[in-house]
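Letter by letter, the chains look like this.
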Amino acid sequence: MIHSLFLINSSGDIFLEKHWKSVVSRSVCDYFFEAQERATEAENVPPVIPTPHHYLLSVYRHKIFFVAVIQTEVPPLFVIEFLHRVVDTFQDYFGVCSEPVIKDNVVVVYEVLEEMLDNGFPLATESNILKELIKPPTILRTVVNTITGSTNVGDQLPTGQLSVVPWRRTGVKYTNNEAYFDVIEEIDAIIDKSGSTITAEIQGVIDACVKLTGMPDLTLSFMRWESERILSFIPPDGNFRLLSYHVSAQNLVAIPVYVKHSISFRDSSSLGRFEITVGPKQTMGKTIEGVIVTSQMPKGVLNMSLTPSQGTHTFDPVTKMLSWDVGKINPQKLPSLKGTMSLQAGASKPDENPTINLQFKIQQLAISGLKVNRLDMYGEKYKPFKGIKYMTKAGKFQVRT
Amino acid sequence: MTDSKYFTTTKKGEIFELKAELNSDKKEKKKEAVKKVIASMTVGKDVSALFPDVVNCMQTDNLELKKLVYLYLMNYAKSQPDMAIMAVNTFVKDCEDPNPLIRALAVRTMGCIRVDKITEYLCEPLRKCLKDEDPYVRKTAAVCVAKLHDINAQLVEDQGFLDTLKDLISDSNPMVVANAVAALSEIAESHPSSNLLDLNPQSINKLLTALNECTEWGQIFILDCLANYTPKDDREAQSICERVTPRLSHANSAVVLSAVKVLMKFMEMLSKDLDYYGTLLKKLAPPLVTLLSAEPELQYVALRNINLIVQKRPEILKHEMKVFFVKYNDPIYVKLEKLDIMIRLASQANIAQVLAELKEYATEVDVDFVRKAVRAIGRCAIKVEQSAERCVSTLLDLIQTKVNYVVQEAIVVIKDIFRKYPNKYESVIATLCENLDSLDEPEARAAMIWIVGEYAERIDNADELLESFLEGFHDESTQVQLQLLTAIVKLFLKKPTETQELVQQVLSLATQDSDNPDLRDRGYIYWRLLSTDPVAAKEVVLAEKPLISEETDLIEPTLLDELICYIGTLASVYHKPPSAFVEGGRGVVHKSLPPRTASNESTESPETAPAGPPSGEQPDVIPAQGDLLGDLLNLDLGPPVSGPPLATSSVQMGAVDLLGGGLDSLIGGPNFVTPPAAAVPANLGAPMGSGLSDLFDLTSGVGTLSGSYVAPKAVWLPAMKAKGLEISGTFTRQVGSISMDLQLTNKALQVMTDFAIQFNRNSFGLAPAAPLQVHAPLSPNQTVEISLPLNTVGSVMKMEPLNNLQVAVKNNIDVFYFSTLYPLHILFVEDGKMERQMFLATWKDIPNENEAQFQIRDCPLNAEAASSRLQSSNIFTVAKRNVEGQDMLYQSLKLTNGIWVLAELRIQPGNPNFMDLELSLKCRAPEVSPHVCQAYETILKN
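Going line by line, the protein sequences match chains U and C.
Numbered per full-length UniProt numbering, the first sequence spans residues 1 to 401.
Numbered per full-length UniProt numbering, the second sequence spans residues 1 to 942.
Here chain C stands alone, though its shape is the one from the complex (with noise of 0.2 Å):
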């Protein structure tokens, strides 16, 4: 006899078949029934018209039933609030009952019926429960009060749940402070700014003790806990971890992991001079180790955190090289990750040994790890010198295989090789061109492009492997198509006697040819960098290059430091914060290491130390990015995103003129066909025009002497937030052109490259009148200011703020998002000055009810000096007025969509005591007023 009978059907069809046997008179068939109930519900089937029947079966003295009916309830009552009221009567009765064992699931079930009207109900049982004499009571009801607030947290809050269940975190059972700990955390995941779980050292102390003798589980929670405390010096940190330190060799994987992330943060307050700190080191390898002998999920996630714990303190797992070997028949999740962390721990020590195993998994079947692995040979030779060149013989080694895509990832890391260690291995450029017909991928193509560029001068026909090329340039990716044109003059510069054909067919192929603004781009400049001064080109395309990093997909220290805290959760599997994959509006405090304080310095201000984040004014990162995902990501950000043409296109033509001429002088030759006029299509004039402009502005933007009023530059996009870049910037109007003036600053490890800026739609229409231009790779701690132009005929869209500007910023690592507010006078346009007669007509015209009055407080100015200093940003002095020893000045602007501003600014010079302005405003548009307020006081006061 099996559940499987309760499946069979009849033909009256089921449900009338149930709704018969639940009201039976007969207490087994009514079992049965419900059983028969549960059983369809478990797969999926609709049992929900059968409510009021087995609600009915509910006042029972046979738990059974009674346990199966409650299973009903919380699946269905949600559909049905109106009968799940029939339910409590009963709930509250068992509340009562002498059974610990009913009285808890009452309360528990209780708790699961997602019903408003009932939680009404509920908080009195759940009060009486909270406090009942038998412990597995009141750690059910403890979980309850987390379910409660999860339909209606406001009813826990006035009900002082949030209280008692702080209380219980003294209790002396410890499950019910475990379970406490437990709501206290989920409930607090929801307010993070609540402080619901109030630390101090004697809630700690409770905690450790509760540790070391509740469940498994209830330990995650503690020490997930803990892991939020800030010891308040060395000392009692130390005596934490010496009480964690056990939990380490638990059989739980989970308890094992949340210890380490208590130790990990922890240690950080630790001097390294300690004996215990090197004690504690060589006590957290060997739980680690043991992870990796655990199921294939398992592993996969340890192996995620042990990525983040080798970056940090690599000296724990340094020994450890041989558990990360790949066994064949891992999970190809495992392997890679494995994979990983061989390449992280490799030194001069072992590093005969990992080579010996890459290579040995380059020959496996997998294609995604044997191309893994092979470059993973890659990075050993730009990681450890001495290694190198058994590297590139093992390199050298998998390309004879002929294995096709061996041959493409080889060719890949050995382009980086070559690029760490100029002219060492060049002896194999001859083996590597053999291979250049297979290359079928474009990152192969690519980098074997760039090796016949780079070393052209060793090859004797590379031109015409270049030209070989040169045939499908138009079917080749973006990538191979830049490569090749930056290739081609290269080999020109160098041999410019046999190329003149090839250079100039590929600069016309990329000019003349091609949609891809990119790729324009960079042939106009060589173009003209050819055609003007060929010994800067010279300079320009084979300038020395920046070395590259030892270590790739390096997490940028601020990012690794607060995923160390985060460790064991699903942060530290994504590497990524919780704030950017969290749901929704959540608010997520972020986490960073505590600052190492000794006992002896710290007893006079413990209050300083705790970490947090950094006060003080923080710039405004967009945080939920719902709809402005949504708006930015419609367009492409890939390539730089030339603007819309601009009104004035004064330079367009001046490209043209400069191509000229200029590159026979540096051939001599006759032949050198000067590009027509026409080779500039009409449709692509404009924006390549103010391309090239901007080539020019980029050294004047910076440090205006005139033009309207500059602000200091502000952090816009802190590096915390952007995985290392920092970005600050301005705006400024200049002669009628608004540009936004940025600093970019590498805070990373690793170098950034293909910058691009997009708008999101905005008030007035702002948007990028050019793509970022971003001339070299950004070095890290390198620092790059551009002058970023804009206009005004970008889409609007009504911001609130008015001045609101989002922004989302990419480059080779990822897309970012923050918003900025303009001040409002970039847009005051130079035309702004309003006839008297108009001015008057105007402001009687304009309904007093748009009339807006302001203050600006201590201005000591007259009124020449505020009348000069507004006229420079473009608010004129239409008339001016002295009514009563008062300076009336009367003003008008216009905004560069049009809307007419008008004012009137009392002024009441000689007054010492009375040094405030008196400002009103009218304008057709009455929203615009206080940001032109802002502006003046901005404009007045600096």
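Chain U with its partners taken away, still in its complex shape (with noise of 0.2 Å):
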């Protein structure tokens, strides 16, 4: 099982480490740097490291890699699904999951990793638990705590660790019961040259805010959904996810916006020409709002001189990335952003094209088609508020030119 665990940062810093058997040194860490270096950009260092001895399988999220070690053969998606459990629980106790967060709150930090694995088995990974076996730092908590003596540390054994639900504590109470849900649905996409589709798929997840007094059994009932069109659960207390979904690239998506490009490198010339232009396509009479145009250009590109129709722009000539930010998409007049790209006298036209990417929001609109049609509770008496949003955003939505 998972034997040990060290949060490095990206200069190679081991700032914290945890053994949860014996005391691994942490001169196994050296393997992983040896990869660091080789790797031209963290996003590359391999997920999979042998050492003589061990195995290192890493995460690398919020610029901290997670970096934990095995030694025997332990299924590799366990130890990545936890160590981003890991990653969402940090995230969830402080706001932010960084170094210096982790940092301030080590010994937080230290309990928590304690109470998630016992001799590298999963022990209370549901942040529902972990809140009541470990308190979450607030400066109310801390003022309190430094006055009364009392500690952050729950004495009782949390009441939904062995229910038939463990994922709900008992005994919740709540003046306003509300119950929220927002259906968040991405569009990973890749769209050639001519600007056709190459494939589209959409992910899904339906994430709630459910505070309801009791043991309430929820009911969602769908417009489009598999045969029975309803989907029946009891809720963990607070937000969660409630479920994901994927429309696969085998259907037809719908594409809600366009970029209509034309960029040109001349062999004599040391001018490129530049011109974008955004639009939108089938988005069901809505707005697309949010809309950020990133591209990265060729190392030969110096620099950029562009005109936004709206927005504003930046070109880094150092790393060689354009950004503009559109903002709102006015059907009536079309964003656009031109101008010329100087590049390096003499030299041969890059080889590559830039790919755009882009980033969008459609408010009350789920792309799939998917509408949840009611929300019934069973099992408590009270009228609960209920809400649902819909929302449909960019996820890898990558233009090729």
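Derived from the structure by calculation, the hints contain no laboratory data.
Idealized CB from N, CA, C, for every residue including glycine.
Certain hints may be false.
Unchecked claim - Listed next, the stretches of chain C that the computed footprint assigns to chain U, with coverage defined by at least 3 CB atoms under 8 Å from CB atoms of chain U: (1) 106-115; (2) 244-257; (3) 452-465; (4) 468-475; (5) 855-867.
Dock chain to chain to rebuild the complex, using the hints, since each chain is given by itself in its own frame.
Below, the structure written as structure tokens:
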């Protein structure tokens, strides 16, 4: 099972270590550092690294490498999923997951990690239960603890721990009973030069914030779903992800935006022309907002002189990253960005064409057509306040030029 | 107020100050001090000096303080075992606490203190906790058994904890069940044979019930455990599959992949005609596709597994090509894996799309990725015949970009396309030749040279092109040199009149000026071929080439089946069975897919169904490679190793003689210079000679009629352990020379080349006298017999058993190791007959304690028959006596290392009831006696 965990920042310092079995010397990380050096970017460090006596499995999140050490055959996905859970837990506890925050809360971090694994076996990874065992730090609690001498460690067995619904604590009470659901869909797509879709799929999630008294039994009814079209569940208390779903590339996925582009380099000239226009496509009448266009320009581009019809743009001549914050798309007046690129004099034209990365948001729309018809509650008498929101976003949305 | 305050230090010294605070009367101050200690510990500072002070804080009703002290204890107890005993009482007391949280915490912490002395005290509290009324305590205790087992396995067995743990599989609480399974699985891993998880339909049913109710992690443990079960028939397999299928939609990807493993394995038992089989196939695709939308690290592991699944059951994902299309900001490790799977899924139906994508990738920035994309285009051409033309034109477009590494990769793959579709695309040769100068990588240069040689007759200036490479011949890599040699010989055979000078030049470069035995050997072979029989040379050198396989990098079916059983594990990430990389001596049981068993067939004998490692005699494949690897790998296996010079090198000059004259007749010109005898450098003569001599021995090596007894060939290296290469063999001794007769069979799907062999040091210095010569690449399903001459002048190291020989065989795929026992009689030399007087004197001289007695049972031979049989294996009868109706044979033999063995063989002829022979052996090195006796028995009984 999971032997140890090292947290490493991008400059290669180990700033926290935790061992669930015997202590493994931190020199084991040298193999990781070697791989880190070989990789051009932090994202490219391979997630599984063998060493003579151990295996290092790592994830890279929030500019921190979470490196787990294992010694025997353990399913790697099990380890990686667990590491993600660690990241989520830190974020849940401290609001952000970053090196300074972890250092500032090192004792709580250590206590939490100790509760999450026993001898490398997962022990408590549900945030509901963890928070009952180790209370998250708040300014108020720190002050109170200092005055009263009480602690932030719960001294009772978390109630949900062993029930049939381990994810929900008992005895929950609210004066305002409410249940909110967010249906969020992300479109991953690759669009080719000519504007036709090479592949497009949807990653959807339903996130919920449920604050209901007692042991409610909820039933969601959907417009488009498998045969029965209902989903019945007892919710955890507070924020949680109810489900995630996937609409595969074999289905027709509506593409809400298009990008018209004309990027040309010429062999003889040290100037290139650049022009892109963004416009709405299948939006079901909704507005596209929060549009950001980014593109990694070829190395040969020294600088860009561009004028946007709206929004602001930046070009970093060092990283060659072009970023254009467009904002809302007004169908009557399509946003565009045009101008020239200055290229290295005398060099041949770049081999690769830049790919355009698109971010956008569309409120009140689930592009797959998923719709919640109604929410019913059984098992409790009161009338809860219910709400549902839809949102479509760009995931990995790429336009080749 | 943050914890960073715990890191501030003062002038007095941190440890000193902390010590004072830990011993403070104020609770709050104590707690803060412990927190500071913990903070130091997390960043790797040594605070073990504070051990007694921290342990003093343990007796407290403040749970946070208690937990903090426990954290400290777990970290440092091992370095302070005597002090750690101080903590035992508190633990034992806490295990009785009314609060289950405290009981669980105590048993959990105790198990983490890896101190032998403490484990004794742990047993009683642990026993109680395993039967605790609270399931939270029971599930914690279950894990504690695994911890304890890691520290002291014997203790756990003696105390009966394993049985208690097995009982917990039937616990009413699913979490307890899951943890018991996890603990048992971990223990079983260190005892592969122990049958701890004795699965039967009842326990399976319990696991399946718990599967629905336990946490995500518990589900992983249970699914992995289920995967080890072999259902008794297809009906049971289907019912388990039905209950596992809902796990495919779990949010935790590890649960999904473990479920996929169970289904992939049990599917093997279902008939393909079954409706359910089709349903299951359809259900497997969506979860696999969904894994690819997860974080890149998860994607990577998923992709490595999908690579296996696609090879085993391509139908599952055949319509899902698009999800493997590469996004430009995917990490490189994801990109490369996706590309691999794209090629595997490429078919006539989707090839257009795939090609368009690959062409797009070939213009990306990342060099490794671009290279692989270009290669992928070539692989598509070979795989999907209809697309070949389009692939070639795409490659030509890419060559036009003049991007150096793109051009080079393209040329390498075009060579393979030429091989696959001869006489179809040669029109592009001119374009290729334009890029000759820009090629700086050996593989690309070799490919281009191959193309020029292969199509020499169509390239007007082929001789000029090849000559241009010849200038820097010695600076080229071996690959290029070999290719150049072959290409020029091809050219010469095609256009003999214009190129004699060129061929002479390259032959002399290869044979005289090169230190590379590979190159020299090939040079001499060509030289001799050309000089003795130019027609044969043409037949050999310009022979039709075997087809190249459509798919490359396919995993052999046996290994693939094994890896399917390891879906979701590290083995599946490395595409190697765990035995190939798991640490240390922990034996690994080979897993295999269950055979298909229909319910109506199997009801009578269910026991025969479970699959396991095939029983019966398994050749001894060296398990722990530790020191052996060290020995073998220090020697360079790269080029075939030429053995140390033979003592007798009677054939060495023959090579030179044969090289004369013959070429003149082929060319008909007077100018061709016969290589002078000095062309063979003196110091290289011996190995050269032996190399050539075994060229001629090849045919005579097998099927000996006279000489020592030859055992039938036995399998030494089964295909399953050597990626499809099966080696069987035996040893022969014939007229003074020992050889190893090998039979190599290619049971893999790809062609094998570049064979080499190496022995580890052994008791009698056995070593190959010549490189392992496998002349043509070994195609799938092809078998080749080779006689490898051996000598006994290699390094000596005493082996256990004495006649153990550890061998490494290399081919283009990998290096494999096996060990075999050779019969000692191959070491009995021809001049092993001792003089009578000498025999008597020696017999007396060797002390009696060196005499060993043996019985050879059931051997109805008379003295003459025995004597003549033994003599043909170089055991010589020095004298014969008849004592009281018994024949006594006095015999001598000598081993290659000069050790004499004297024997007295007692035979009772004409007594049908007593057919045992008695053998006394005397030798100054008595440890050889048992092996000599074994040789006697083998010779006499065969």
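* Asked: Of the hints stated earlier, which fail here?
  -> The structure breaks hints 3, 4, 5; every other hint is satisfied.
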